[in-house]
Amino acid sequence: MFARLNLIFGGILGSVVLGMALLALVWTPASPVAIDPINRLSGPIPGHLFGTDEFGRDILSRIMTGAWTSLSVAFLTVAFAVICGSAIGLLTGFYRGWFDRIAMLLNDALLAFPGILLALGIVAIIGPSKYGIIIALGIAYTPKVIRIVRGTVLSLRQKEFVEASRALGNGSVFTMLRHVLPNSFAPIAVLATSLFGWVILAESALSFLGLGVPPPAATWGNMLSAARPHLSTAPWMSIIPGGFIALTLLSINLLGDALRDWLDPRM
Amino acid sequence: ELVSGLAGDMRAVIPAGSTDDSTLTVQQHVYEGLVTWKENGEVAPMLAKDLPQVSEDGRSYTFKLREGVTFHDGTPLTAEAVAKSWNYLLEPERGWSCRQYFDGSGPVEIASVEASGELEVTFTLVEAAPALLTQMARADCGEGGIMAEAITSTDTPQKPIGTGPYMIESRRSNQDIVLTRFEDYSPREEPADGYAGKKEALLDKITFLIIPDPAANYSALRAGEIDVWPAIALSYAEELDGLDSISVDSVNIPSISTFAFQTSKGPLTDPALRKAVNRALDRKGMVDAIAMGYATPSASVIPVSSQFFDEAGSEALSYDPQEVAALLEAADYDGTEIVITTNKNYSVMYETGVMAQAYLEAAGIRSRLEVIDFATQLPNYYSGDYQMMTWNYAPTLDPALILDRVTGPKATTASKIWDNPQARELVDRLIAAPIGERQAIYDEIQTLYAEDAPMLVWASSQATSAYSDKVQGYEVWAGRKPRYWGVTVEE
Amino acid sequence: MAQFLVKRLLMAIPTLLLVALLVFMLVRLIPGDPALILLGDGADANSVAAINRRLGLDQPLPVQFFIWLGNVFQGDLGNSILTGDPVLALVWDRFQLSATIILLAVGTATLIAVPVGIFAAWRQGSGMDFTLVALATLGLSIPSFWLGLMLLMLFGIQLGWLPVVGYVSFGQDASLAITYLVLPVLTLILIEVGVLTRMVRSSAIEVLRLEYVTHARAKGLSERSVLFRHVLPNSFAPTLTLIGIVLGTLLGGIAVVETVFTLPGLGRLLVESIYSRDYPVVQGCLLMIATGYVVVNLIVDLLYPFFDPRVTLE
Amino acid sequence: MIFNAPQPTLSVSDIRIGMRGSELIKGVSFDVHPGQVVALVGESGSGKTMIGRAVLRLLPDVIRPTSGDILYHGTSILSLSQRRMRALRGEKIGMVFQEPLVSLNPAMRIGRQMAEAMRLHTSLSPAEIRERSIAMLRRIQISDPEACLAAYPHQFSGGMRQRIMLASVMLLRPDLLIADEPTTALDTLSQLEVLETMMDLTRDVGTSVLLITHNLGLVAKYADYVVVLKQGEVVEAGPTRDILDNPQREYTRRLIESVPTRDPHQPQLSHDGRPSILEARNVVLSYDQGTALWARRPRKQVLRDVSLAIAPGEIVAVVGGSGSGKTTLGRAMLRLQDIDAGQILYNGQDVARRADRQLGDFRRKCQIVFQDPFSSLDPRMRVGAIVAEALRHERGLSARQRRERTEQVLSEVGLADYRRRYPHELSGGQRQRVAIARAIVSQPDVIVADEPISALDMTIQKQVLELFERLQRERGFACIFISHDLAAVQQVAQRIIVMENGTIVEEGPCDAVFENPQHEYTRRLLAASPMLARPSETRGNEKREEPVNE
Ligand SMILES: Nc1ncnc2c1ncn2[C@@H]1O[C@H](COP(=O)(O)OP(=O)(O)OP(=O)(O)O)[C@@H](O)[C@H]1O
Ligand SMILES: Nc1ncnc2c1ncn2[C@@H]1O[C@H](COP(=O)(O)OP(=O)(O)OP(=O)(O)O)[C@@H](O)[C@H]1O
Ligand SMILES: [Mg+2]
Ligand SMILES: [Mg+2]
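Protein chains in written order, with this note's numbering: chain P, 1 to 267; chain A, 1 to 491; chain S, 1 to 314; chain L, 1 to 550.
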């Protein structure tokens, strides 16, 4: 019944946010980038349902276009980290050997590396763009995925059912894909949903430091970081994007739990 | 005792070893130079008894030192110490940023600094240069502050030791710097004026708390943990102004907020397009939104605070959407994208960029915002590697020095903005001219500037401080950096 | 055990060397010039060159690297370009504060998250579970700079209970030091509790399915004893790995909190020196963080057998 | 007298247990009287474990009693409050679970686990608890009980763990003990020890026992009363002697008949002169024990110069004590473990040093049934898919043919309707059969069967053994049959190998070895086998009087 609740709640929240993001591709109530110094920092009024920001831009429109940017950045980053991380974690954990040793040495070094320095470096090299952010954050999070996936794989490869597959004459690639990978889905799914949240927040922190998705494009993260000086005079500026981040994360987490339960035959 | 916010740590021991505001703020309480600036940009004596005697050929300046002045470590101020101090600064390996103003890169080239008596120092120039005193007094060069021999006799000095009203008691890296009153300080007689005159140390102790984050400064001021936030982030101005126990003061300062144009390459080589960009920005809107009104919209290269500023000079390039279309026509504008470079480290610069981009779009000029960190922006500025870049100039009490900074040939100094030999010549004349004769030169410069439009000025800055009502005698002034002499705190 | 320690520490050396090399290359790859930043907006080419010469930045990169590395092996991390402070002392000083905050926060967060996570797992599927999961998610989704500022407004300004800026070290005045740490620690707790609760919950759900839990019940143990004596230690082991990662990540990522509360910590030092391209300090911070990370992992490994005795140290 | 006791200790009346609509237990009733030993027998998957768990109200969440009642001394267990239920558990009703290896908390010292229930249900002081624990451990023949208290479960072998479980349950002198297959995981010698200890302990305290097992040998030896279960229903119930001597129902009869008996074998094929299909020559194998600081630690010798040849169509049994290297030998012969020295010859070709992908036919033609069936099944695959996977390398099979073969083999092992189940939804014996089905579906030449029937009930055991025999007959496949069940060994194997400590200590035709064991170990093994040569030979009066057999 919980799984059902997860799915319903998560699904509804998720589709609202996604719907909003898609709608923003074709329509927003106002231009998300047009400034209007006279109406700056206005609270919710007709015409600006969610109020305006420090440049007088319409917050609702920015939330809508921001949804698309934030979600796509988060999605692509998580996909990047999870795919690379799982692949490397799977390969190194499964085959071990010198390749594993070198990869782990590198991975440990990268894990000990603060994300911001990495982001700064990569943004400096690629230039500040949405894709730069995705690659930077992707690289920053991949080592964590590798570590967790590799741990899972290490324990799975000890399992007899993996050996059983070998005994049947299956090649190692088949064994890895058919037996090891599906059995590491649960931790990967939990990790991916957490990552999604971390990425949205990390983009916000990067924006706070000026390294986020370049303006005037809106993301929830840079809206939130722009709201900081106006916390007490224009609280809606932070509450609205903050609320959307929280709801989205809740929805992702619920869907993630539902996915995990669904993938687990023991449930 | 007074507690003041400070945006960053003191980064150098020698005067103006780093020219950021925080270093200079602390140092101006510790070091004093031979001469210094009054509020109106005039040069006044400080450690020198009087302004120097200049030789006939204008190549030799002789300063008489005041008697009874001692350094914080108890050693007396002697001509020997002064000469050593200046020679120390002028050695190339010290990397003193202001050496450029004295080594012949500009009009001034010092040949030697020597003690010509117990309390008499002589500066000898390679050739006559009337600008010497102005350059020596520069606040952004720490007035060429005189250091005790404890510093000049070592390569790795530990802490500033000067003759100023306050001395450094302790310093915790990136946390705080504590100054205490220098009991043996000997003030001048004249009333305080700018950096000059009588500096009375009325406080026992000044604590500079290093707080880089504006929000933290705001909270600290509200919670009463600091008494003064010397340079507030303008987005907090309204809120602070509304509070009972806190005053927000603001004053025009000789500084301009600008966009530098790259005139030698890229899309902005055409003066007509540069004018169009100038005309496309609604400076009033920008000042309202970015500076909350704590700045004066202006398109003039001369700060509004200056006595030489006039309205007409500003109008030639001010906001005029109608003009833009005509100018674009004249420039044959083909929709080329202009990259606006800015950074997020200084929120004002960032916001400037965002608004400019929006106004340019609205005027039909395509543009893209490039946000990088300041440390990356800085070398780009120096190498001229940009198209249009937000840039604000530190205030110099003599506005001529801003023109001096921006004018010159890009070929030799890539960081120059206004590459026009005629302009350079005018600026040289300007700096050498006494205050009374400058207006005419300024007018000429303004006319030339409006034709070239080598940069975009959108406001004359103000200095805005917020301070607790317990603080008495504190004044926001054109020099921007807080002065804590003559200030007391009610307990 | 001693053998294990020595072996692990030896194994850390290549990792640290690699970190050193990566950092060295990366900080120099990022455009920017420390001399320019030091000199400010009035810099000229001669002074820049002079300063670079003084700092040894005019040497070819490999030479710079080996000189630096050689000094590191002699325990000398160099001096800050900006302030001239010796890096080792600076970094160590900052590290202590950051480590205190992180350990307090993660420790407390663990103490909260473990019972809550286990409780949620035990009541899996109930409305209570749903609520706890939702709250944990909320904790995950609040940015620390926002939360920190809210707490600051409330406790520092509205109520005036706690100081707002600065820091007094434990050495100077322990009780005062605590008042400075309450808010930053609280901020981190609220955030990390969410992460850890979710992890504990998911591993407790796995453990609850195992036979020995049924066996414990068959002994007549109360549910509480079952949960705390049998489920808790066994579901804590995987959480321990996560705590290791969290501790390591926080060490580099605490900058935001330290900025909000103006604490002189390692994270803020790192960010500020990155911005000012203070290479020796950046490198020193990174080495400290990497070492901290290695030590944290070592401790996690040492602790692991207490929660899962099947794991041995060899 | 016990049969006349007015109130039974446990009374199960018409209990029904269901899961998502389907019914697993369909109205079972029986009584356990004070001091009585009641055996619950029945084929694998008939619901024995379910009933045992239902008594303690410890069924998995999704499975719950739907009607009927369970009375303990007259009070309904199903309607007790949680608190009163907990008071019963442990103190009055103890339970030993089917899988001892996973029933002890891996993270808790033995001492604490043993003390836990005593602290809860008695007011003994810690010193007394300790004393009693030590006494009990000594009783179950754990050497050095003090050290044992401070140790963790993984430091003990399966047999020891099983005994420790039993000890911790019996410490509280429960009124009723439910023992669910307490010996399946053990080799013959340990099996005997554990059961004797158990009976000994219960006799002392006068505990009633509900013994769940499929081993009729044990039933005959220990039980007073037997309940025969089939697919969740009671087929027959009555005093042991009556049931075993005179079964009324076909099902029971089949159950009893399928008990392997030690009949002299028909003349056996000899492999002399024929080339062997799989052969191990002078195999040496050791395990890496990790590195100490600088130097490698000495490797643990597991196989020392073992040679073994199997002819096509021959079934060779490998017996030996726990840890003697049986499994390792089997795995080495299938190249699942790399050997240090020696050769592995498949059809005369040395495959010992070939890489996995150069093994060609070898992998397909040589299959293994792993010792632990549960962990050798991928938890995320359905039974059908698990079995079908073994046909992947069979060339030229259409999807339909593959399905047909899968279904056919599943019905051969008695799992026709279980194609769509997941491993965790099966009983212990059912999982074992899935593993067997997977190994034989591709009709291999050689099978290494590692304890393939230990978890199976007699009927299925018989079925499986017959399957092995049939396959051997029809297809001439060879088999290395690792087992501790001498009766089964005797039924299928032509040759027997006895291993001890990594070497072969005795080898010869089955009958010869059984008739005239040469080695000390073989003799002990034979003596310990609870073989029921003829059901009628066992007598009830023998029960519970047998001294502990060492
Ligand atoms: N979690 C489950 N979900 C669905 N069916 C289950 C589950 N556990 C057991 N079953 C089914 O319930 C039936 C009875 O299982 P039970 O474990 O009681 O058998 P058993 O008599 O103990 O068999 P064995 O001797 O093999 O242990 C079996 O058919 C089994 O497939
Ligand atoms: N992976 C391993 N690493 C180290 N030692 C091992 C490993 N696997 C088995 N051993 C050891 O090798 C020896 C032989 O083990 P093996 O599994 O072959 O015994 P077995 O005869 O099959 O026993 P059982 O009847 O208990 O299954 C044992 O002492 C065991 O502890
Ligand atoms: Mg069972
Ligand atoms: Mg074995």
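Note that these hints are calculated values from the structure, not bench results. C-beta atoms are modelled at their ideal positions from N, C-alpha and C, and glycine is treated no differently. It is possible that some hints are incorrect.
Okay, the calculated bits of chain L under chain P, using three or more residues with CB under 8 Å as the criterion [claimed, not checked]:
| # | region |
| --- | --- |
| 1 | 347-359 |
| 2 | 386-396 |
Under the rule of at most 25 Å between Cα atoms (straight-line distance), these lysine-lysine pairs were calculated in the DSS-like manner [as the list claims (entries may be wrong)]:
| # | chain 1 | residue 1 | chain 2 | residue 2 |
| --- | --- | --- | --- | --- |
| 3 | A | Lys84 | A | Lys64 |
| 4 | A | Lys84 | A | Lys205 |
| 5 | A | Lys49 | A | Lys84 |
| 6 | L | Lys300 | P | Lys159 |
| 7 | A | Lys198 | A | Lys49 |
| 8 | S | Lys7 | L | Lys300 |
Taking CB as the label site, the calculated pair distances span [to be verified]:
| # | chain 1 | residue 1 | chain 2 | residue 2 | range |
| --- | --- | --- | --- | --- | --- |
| 9 | S | Ala177 | A | Pro321 | 54 to 62 Å |
| 10 | A | Gly224 | S | Val295 | 38 to 46 Å |
| 11 | P | Arg101 | A | Glu1 | 26 to 34 Å |
| 12 | P | Ile126 | S | Ala177 | 38 to 46 Å |
| 13 | S | Val6 | L | Pro509 | 23 to 31 Å |
| 14 | A | Pro321 | S | Arg28 | 56 to 64 Å |
Structure-based check of each hint:
1. Counting residues of the region 347-359 of chain L whose beta carbon lies closer than 8 Å to any beta carbon of chain P gives 3, which meets the minimum of three for the stated coverage.
2. Coverage of the region 386-396 of chain L by chain P holds [criterion: at least 3 residues with CB-CB distance below 8 Å; count 4].
3. Restraint check for A:Lys84 and A:Lys64: satisfied, since their Cα atoms lie roughly 16 Å apart, inside the 25 Å limit.
4. Our distance criterion of 25 Å between C-alpha atoms is broken by A:Lys84 and A:Lys205, whose separation comes to about 30 Å.
5. Of the pairs offered as hints, the one joining A:Lys49 and A:Lys84 holds, with about 19 Å between alpha carbons and a cut-off of 25 Å not exceeded.
6. A C-alpha spacing of about 22 Å is found between L:Lys300 and P:Lys159, which places the hinted pair at or below 25 Å, so the restraint holds.
7. For the hint linking A:Lys198 to A:Lys49, the alpha-carbon distance of about 13 Å falls within 25 Å, and the restraint holds.
8. A threshold of 25 Å between alpha carbons decides the hint, and for S:Lys7 with L:Lys300 the separation of about 22 Å falls inside it, so the pair holds.
9. A hinted range of 54 to 62 Å for the beta carbons of S:Ala177 and A:Pro321 is consistent with their spacing of about 59 Å.
10. Separation of A:Gly224 from S:Val295 is about 40 Å and conforms to the stated range, judged on CB atoms against 38 to 46 Å.
11. Roughly 60 Å separates the CB atoms of P:Arg101 and A:Glu1, a value that falls outside the hinted 26 to 34 Å.
12. Against the hinted window of 38 to 46 Å, the Cβ-Cβ separation of P:Ile126 and S:Ala177 comes to about 43 Å, which satisfies the hint.
13. With their beta carbons about 57 Å apart, S:Val6 and L:Pro509 fall outside the hinted range of 23 to 31 Å.
14. Separation of A:Pro321 from S:Arg28 is about 46 Å and departs from the stated range, judged on CB atoms against 56 to 64 Å.
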